[in-house]
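Undergrad: What follows is the residue order along each chain.
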Amino acid sequence: DTAVSQTPKYLVTQMGNDKSIKCEQNLGHDTMYWYKQDSKKFLKIMFSYNNKELIINETVPNRFSPKSPDKAHLNLHINSLELGDSAVYFCASNQQYSNSPLHFGNGTRLTVT
Amino acid sequence: KQEVTQIPAALSVPEGENLVLNCSFTDSAIYNLQWFRQDPGKGLTSLLLIQSSQREQTSGRLNASLDKSSGRSTLYIAASQPGDSATYLCAVKIQIQGAQKLVFGQGTRLTINP
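Top line first, the protein sequences correspond to chains A and B. Oh and the first sequence: position 41 is 41 in the numbering used here, straight run, nothing missing. To get the numbering used here, take the position in the second sequence, counting from 1, and add 1000.
The shape of chain A in the complex, shown without the other chains (with noise of 0.2 Å):
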């Protein structure tokens, strides 16, 4: 019954490779959210999605490209993988215009050798 599912828990890879990061929720959200947690433990929004539409890019890289299919999932495709990369991306959803909490899955720890 995890309300913010999000896979792989680990993921290590070498420089230059192309990997996917899948997000589901299950709370009835209109609103998903990618979040970067650097090694400093700060944790910066990258990507909204309301409803299937992008309405959130934070000056990322084009090498990220967020997917929805649809309002209850949001994946992260990354190309050409980099050292700086490496981090823990967390998948997070809410209900956009009202006070209602942000809901967090337990994030995928991105290592690129």
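Hints are not guaranteed to be accurate.
[As the list claims (entries may be wrong)] Restraint-style ranges between C-beta atoms, simulated for each label pair: (1) G1016(B) to T7(A): 36 to 42 Å; (2) P69(A) to V1020(B): 24 to 30 Å; (3) A3(A) to Y1031(B): 28 to 34 Å; (4) D38(A) to Q1097(B): 33 to 39 Å; (5) E53(A) to Q1081(B): 41 to 47 Å; (6) T7(A) to T1111(B): 28 to 34 Å; (7) P1114(B) to E53(A): 32 to 38 Å; (8) P8(A) to V1020(B): 35 to 41 Å; (9) N1063(B) to N79(A): 43 to 49 Å; (10) P1114(B) to H77(A): 42 to 48 Å; (11) G16(A) to S1059(B): 24 to 30 Å; (12) S39(A) to I1007(B): 18 to 24 Å.
Hints in this document: simulated from the structure, not taken from any laboratory. Quick reminder that beta carbons are idealized off the backbone N, C-alpha and C, glycines included.
For chain A, the structure is supplied; the task is to place chain B on it using the hints.
TA: Quick look at chain B alone, frame taken from chain A:
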């Protein structure tokens, strides 16, 4: 540009003590402020949400206050327990270019010593 700062970065106290975590933000135009808890290797769990029109929220041993005019929030934890050990993050919800998003502080790493 909204910036959120949390002080201290780390805090270690004996079990049973009451403690206060601080959060400050630079722009008072916020929709709400949320406090989260993050355990190692886990995602964030929402603890308390204070709407911009509210002054405080309480849940069990936790009490969060909000002073929008001064750009400050505090999270008060009463009778701390070892299980409270975690990183606590605050975040403000703002509107930017027609969308709402959360801006996070860097967190306070709390250790409660038995």
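Undergrad: Are the hints correct? Go through all of them and say.
TA: The hints, checked one at a time:
{"no.": "1", "hint": "G1016(B) to T7(A): 36 to 42 Å", "result": "holds, 40 Å"}
{"no.": "2", "hint": "P69(A) to V1020(B): 24 to 30 Å", "result": "violated, 45 Å"}
{"no.": "3", "hint": "A3(A) to Y1031(B): 28 to 34 Å", "result": "violated, 22 Å"}
{"no.": "4", "hint": "D38(A) to Q1097(B): 33 to 39 Å", "result": "violated, 24 Å"}
{"no.": "5", "hint": "E53(A) to Q1081(B): 41 to 47 Å", "result": "holds, 44 Å"}
{"no.": "6", "hint": "T7(A) to T1111(B): 28 to 34 Å", "result": "holds, 31 Å"}
{"no.": "7", "hint": "P1114(B) to E53(A): 32 to 38 Å", "result": "violated, 50 Å"}
{"no.": "8", "hint": "P8(A) to V1020(B): 35 to 41 Å", "result": "holds, 38 Å"}
{"no.": "9", "hint": "N1063(B) to N79(A): 43 to 49 Å", "result": "holds, 46 Å"}
{"no.": "10", "hint": "P1114(B) to H77(A): 42 to 48 Å", "result": "holds, 45 Å"}
{"no.": "11", "hint": "G16(A) to S1059(B): 24 to 30 Å", "result": "violated, 47 Å"}
{"no.": "12", "hint": "S39(A) to I1007(B): 18 to 24 Å", "result": "holds, 20 Å"}
The structure does not agree with the numbered hints 2, 3, 4, 7, 11 stated previously, though it agrees with the rest.
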